[in-house]
Amino acid sequence: MQLTLGPVFYHWAPERWRDFHYRIADEAPVDTVVVGEVVCSKRAPFKQDHVAGVVERLEGAGKRVLHASLILVSLPRERRQTRELMQLGEDEGEPAIEINDLTCLASLDRKPFAVGPFVNVYNEAAAGFLASRGARRICLPPELPLTAVAGIAAALPDVAIEVFAFGRIPLAISARCYHARAHKLTKDNCRFVCEQDPDGMPVKTLDEAGFLSVNGVQTLSQNCTSLLRDIPVLRRSGVASLRLSPQDCDMVEVARLYRDVADGRLDGAEAESRLAELYPEVPLANGFLHAVPGHLRVGAGA
Amino acid sequence: MELICPAGTPASLEAAVEAGADAIYCGFRDETNARNFPGLNFSRDEMRRGIALAHRHGVKVLVAINTFARAGNLALWQAAIDDAVASGADALILADLATLDYAARRHPAQRLHVSVQAGAANPDAIRFYAEAFGAQRVVLPRVLNVMEIASIVRESACETEVFIFGGLCVMEEGRCSLSSYATGQSPNMHGVCSPASHVAYGERDGRIVSTLGGFTINSFGKDEPAGYPTLCKGRFSTPKGAGYTFEEPLSLDAAVMLPALRKAGVTALKIEGRQRGRAYIAQVVRSYRQILAALDDGRETAPAGLAAMAEGQASTVGAYRKGWR
Numbered sequence: 001m002q003l004t005l006g007p008v009f010y011h012w013a014p015e016r017w018r019d020f021h022y023r024i025a026d027e028a029p030v031d032t033v034v035v036g037e038v039v040c041s042k043r044a045p046f047k048q049d050h051v052a053g054v055v056e057r058l059e060g061a062g063k064r065v066l067h068a069s070l071i072l073v074s075l076p077r078e079r080r081q082t083r084e085l086m087q088l089g090e091d092e093g094e095p096a097i098e099i100n101d102l103t104c105l106a107s108l109d110r111k112p113f114a115v116g117p118f119v120n121v122y123n124e125a126a127a128g129f130l131a132s133r134g135a136r137r138i139c140l141p142p143e144l145p146l147t148a149v150a151g152i153a154a155a156l157p158d159v160a161i162e163v164f165a166f167g168r169i170p171l172a173i174s175a176r177c178y179h180a181r182a183h184k185l186t187k188d189n190c191r192f193v194c195e196q197d198p199d200g201m202p203v204k205t206l207d208e209a210g211f212l213s214v215n216g217v218q219t220l221s222q223n224c225t226s227l228l229r230d231i232p233v234l235r236r237s238g239v240a241s242l243r244l245s246p247q248d249c250d251m252v253e254v255a256r257l258y259r260d261v262a263d264g265r266l267d268g269a270e271a272e273s274r275l276a277e278l279y280p281e282v283p284l285a286n287g288f289l290h291a292v293p294g295h296l297r298v299g300a301g302a
Numbered sequence: 001m002e003l004i005c006p007a008g009t010p011a012s013l014e015a016a017v018e019a020g021a022d023a024i025y026c027g028f029r030d031e032t033n034a035r036n037f038p039g040l041n042f043s044r045d046e047m048r049r050g051i052a053l054a055h056r057h058g059v060k061v062l063v064a065i066n067t068f069a070r071a072g073n074l075a076l077w078q079a080a081i082d083d084a085v086a087s088g089a090d091a092l093i094l095a096d097l098a099t100l101d102y103a104a105r106r107h108p109a110q111r112l113h114v115s116v117q118a119g120a121a122n123p124d125a126i127r128f129y130a131e132a133f134g135a136q137r138v139v140l141p142r143v144l145n146v147m148e149i150a151s152i153v154r155e156s157a158c159e160t161e162v163f164i165f166g167g168l169c170v171m172e173e174g175r176c177s178l179s180s181y182a183t184g185q186s187p188n189m190h191g192v193c194s195p196a197s198h199v200a201y202g203e204r205d206g207r208i209v210s211t212l213g214g215f216t217i218n219s220f221g222k223d224e225p226a227g228y229p230t231l232c233k234g235r236f237s238t239p240k241g242a243g244y245t246f247e248e249p250l251s252l253d254a255a256v257m258l259p260a261l262r263k264a265g266v267t268a269l270k271i272e273g274r275q276r277g278r279a280y281i282a283q284v285v286r287s288y289r290q291i292l293a294a295l296d297d298g299r300e301t302a303p304a305g306l307a308a309m310a311e312g313q314a315s316t317v318g319a320y321r322k323g324w325r
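Keeping their order, the protein sequence lines are chains C and F. Take the first sequence: its position 147, counted from the start at 1, is 147 in the working numbering, and no numbers get skipped. Take the second sequence: its position 157, counted from the start at 1, is 157 in the working numbering, and no numbers get skipped.
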C-alpha cells in the first residue's frame with residue numbers, strides 16, 4: 001500500500017509551506033507528494049518562488065511529485081495557468097500532473113496524468129474513459145462508498161486507485177469566498193484573511209455543535225477522515241494508495257501511523273487512538289466509505 | 001432566446017406547454033435524474049406520452065439523466081438513455097463521463113447537452129465535452145457573471161443555457177457533498193439535496209429550530225417564517241459571528257439580467273423547479289414569456305409579480321452580478 005501526501009488546501013505563509021514540505025521530504029514515509037495551489041488562484045503567486053526548491057528536495061529524497069491543477073477554473077488567468085501546467089509533460093512515462101478539473105483534458109495531449117479527488121469518477125466506466133485518455137492513477141471522490149471503490153479498482157487493474165484516507169473532507173467549491181464574506185469583504189478585495197486560519201475557519205451550528213470548516217472558496221468538514229481501521233478491507237478491495245491531506249498537525253507522525261498500519265506493524269484501532277492525540281479535539285469520521293452520512297464514525301469500539 | 005421549463009409531472013408538462021415553453025426538461029422516476037423526489041418524475045409510458053404531446057404543440061423535450069452512475073450498476077443509466085432516445089427526446093442532459101461516453105457511442109445522432117452538474121465553467125472544459133462527445137449545448141454552472149458568460153459564448157462552438165429563475169446553488173453544482181455529509185444522500189449519487197426525509201422542526205427556548213440530519217440549520221423567532229433547511233442557506237456560527245455563512249435563503253430571479261444575457265449571446269434560459277406544482281410552473285413560464293416578448297419589442301422588462309413565487313420571498317441575481325463573490 002502506497003501513501004500520497006495531498007496538496008495543502010490552506011493558505012499557509014510561504015515559508016511555512018516550504019518548510020512543511022522540506023520536513024516531509026526528510027522524514028515522512030510517503031511515496032508521492034502533490035504540490036500546488038488547488039483552491040484559490042489568488043494565492044498561487046505566494047508560494048511560486050518556493051515550488052522549485054520544494055520539488056527538488058522531495059525528489060532528492062526519492063518521492064514522486066505531482067503538480068495539481070486548480071479545482072474550479074473560470075477566470076482567463078486561471079485558464080492560462082492551467083494550460084501552462086499541462087505543458088509540464090511526463091516523467092519517464094509516469095505522470096507529473098494531477099488534474100482536478102476536466103478543463104485539463106482539453107490541453108493534455110494524451111500524456112499520462114493522475115486524477116485528483118475533485119474529478120467526478122463515480123463508476124468504472126468514467127474511470128475507464130479517463131484511463132483511455134492516459135490516467136494512470138485516480139484518487140476517488142471522498143463521498144464514494146466502499147462498494148464503488150472496490151468495483152472501480154476491480155475493473156481497472158492497471159490504474160492505481162487511491163482513496164482519501166486522512167484529513168478534513170473537501171465538500172464543496174464555490175466562486176464566492178466565504179472567508180471574505182465572514183470578514184465583510186469581497187473576493188476581489190479579500191486581504192487574504194484566509195491566512196488567519198491555517199486549519200480552516202470553524203463553522204458551527206447555532207447550538208455550537210461542530211459541523212463544517214471554511215477555507216476561502218472551499219468548504220470542508222469539521223470532522224477529520226480516518227480510514228486507519230479500514231486499511232485491511234481497502235487492501236482486499238484493490239486500493240493501491242491512501243491519500244493523507246495536510247492539516248495543522250504533525251503530518252510526519254500521521255504518515256508514520258498510516259505506514260505502520262499498512263505494513264502490519266500496528267493495529268488500526270491502536271493507531272486511531274494515537275491519531276486522536278496527534279490531532280486533538282477534531283472528531284474522526286469514516287462514514288462515506290461505509291455508505292452512511294459522512295460525519296459519522298463507523299465500527300470504532302466494535 | 002429559448003425558454004426551457006421544468007416538469008416534474010405530466011400535469012406540469014402540460015401546463016408548461018400551455019404557458020408557452022419552447023422546451024421542457026424532465027426525468028425518469030428513479031435515481032438517474034437530479035430531482036429524484038418522492039411522487040415526482042415520469043414513468044416510461046408517461047415520458048412517451050409527454051414527449052408526443054409536447055411535439056404536437058411544437059415544444060421540445062429534453063430528458064435529464066444527470067446523476068452519476070453507480071459503480072456496478074451502469075445498466076440503470078444506460079436503459080434510461082436508450083428509453084429516452086426511443087421515446088423521441090430532443091436532447092439528453094447528461095453529467096457523467098460514463099453516460100456521455102455511452103450515449104455518444106450508442107446513439108451518435110442524438111443531441112447531447114452537458115448538465116449543469118458537470119460543472120463546465122470555462123471554454124476549455126466546454127471544448128472538451130464538444131470534442132469528446134459531440135455535445136451541442138452546455139448548461140453553465142451558477143458561478144459565472146455575465147461578462148464571463150459573454151466570453152464563453154464568444155469562444156465556444158457549443159450553445160449555452162443559463163438558469164434564470166428558481167433555486168440557487170451557491171456551490172459549484174456537481175461538486176458538492178454537503179448534503180451527503182449531513183444525511184448520506186447526495187445530488188450526484190441519489191439525485192437529492194437536503195432531502196425532506198432528513199428534515200425535522202422542533203421548538204427550543206420559544207424558537208422554531210430546523211434540522212437536517214440532526215444538525216441545526218436555522219432557528220426562527222415567532223414572527224419569522226420558518227424556511228426549509230437547505231444546508232447552504234442556513235444560519236451558522238463562526239468566530240466572526242453568527243449568520244448566513246454561505247448564502248441567505250434567497251432564490252434566483254435574473255429577469256433584470258435578460259437584456260445583458262441576450263447581448264452575451266446566450267441560447268437558452270432555464271427555469272429551475274421540477275419539484276414545483278403545475279400552478280407555479282404555469283405562472284412563472286407565463287411571466288417569463290411576457291418579459292421575453294417585451295424584450296423583443298424593446299420595452300421595459302419589469303419582473304411581473306414573480307417575487308411572491310420565489311422561495312423565501314426574496315430573490316437575487318446571484319453570481320450574474322460581479323459583486324456577489
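It is possible that some hints are incorrect.
[Unchecked claim] Here are the simulated lysine-lysine pairs, DSS-like style, with alpha carbons at most 30 Å apart:
id: 1; chain 1: F; residue 1: K222; chain 2: C; residue 2: K42
id: 2; chain 1: C; residue 1: K42; chain 2: F; residue 2: K322
id: 3; chain 1: C; residue 1: K184; chain 2: F; residue 2: K60
id: 4; chain 1: C; residue 1: K184; chain 2: F; residue 2: K222
id: 5; chain 1: C; residue 1: K204; chain 2: F; residue 2: K263
id: 6; chain 1: F; residue 1: K222; chain 2: C; residue 2: K204
[What the hints assert, rightly or not] Which stretches of chain F does chain C cover? Using the computed rule of at least three CB atoms under 8 Å from a CB of chain C, they are:
id: 7; region: 117 to 129
id: 8; region: 141 to 150
id: 9; region: 158 to 164
id: 10; region: 180 to 186
Source of the hints: derived by calculation from the structure; they are not laboratory data. Every residue, glycine too, gets a C-beta built ideally from N, C-alpha and C.
Hints versus structure:
1. This hinted pair does not check out: K222(F) and K42(C) have alpha carbons roughly 43 Å apart, beyond 30 Å.
2. Distance check on the hinted pair: K42(C) and K322(F) sit about 17 Å apart at the alpha-carbon level, within 30 Å; holds.
3. As the CA atoms of K184(C) and K60(F) are separated by approximately 45 Å, the hinted pair breaks the 30 Å bound.
4. Between K184(C) and K222(F), the direct Cα distance comes to roughly 28 Å. Compliance with the 30 Å bound is thereby established for this hinted pair.
5. Using a Cα cut-off of 30 Å, the hinted pair K204(C) and K263(F) is violated, with the two alpha carbons roughly 43 Å apart.
6. Annotation: proposed proximity of K222(F) to K204(C) holds, straight-line Cα distance about 23 Å (limit 30 Å).
7. For the region 117 to 129 of chain F, the stated coverage by chain C is satisfied: 11 residues place a CB nearer than 8 Å to a CB of that chain, which reaches the threshold of 3.
8. Note: the region 141 to 150 of chain F has 3 residues with beta-carbon separation from chain C under 8 Å; the three-residue rule is met and the coverage holds.
9. With a threshold of 8 Å between beta carbons, the proposed coverage of the region 158 to 164 of chain F by chain C is violated, since 0 of its residues qualify and at least three are required.
10. Coverage of the region 180 to 186 of chain F by chain C holds in this model, with 6 residues showing a Cβ closer than 8 Å to a Cβ of that chain against a need of three.
In terms of the numbered hints stated before, the structure departs from hints 1, 3, 5 and 9, listed from lowest to highest.
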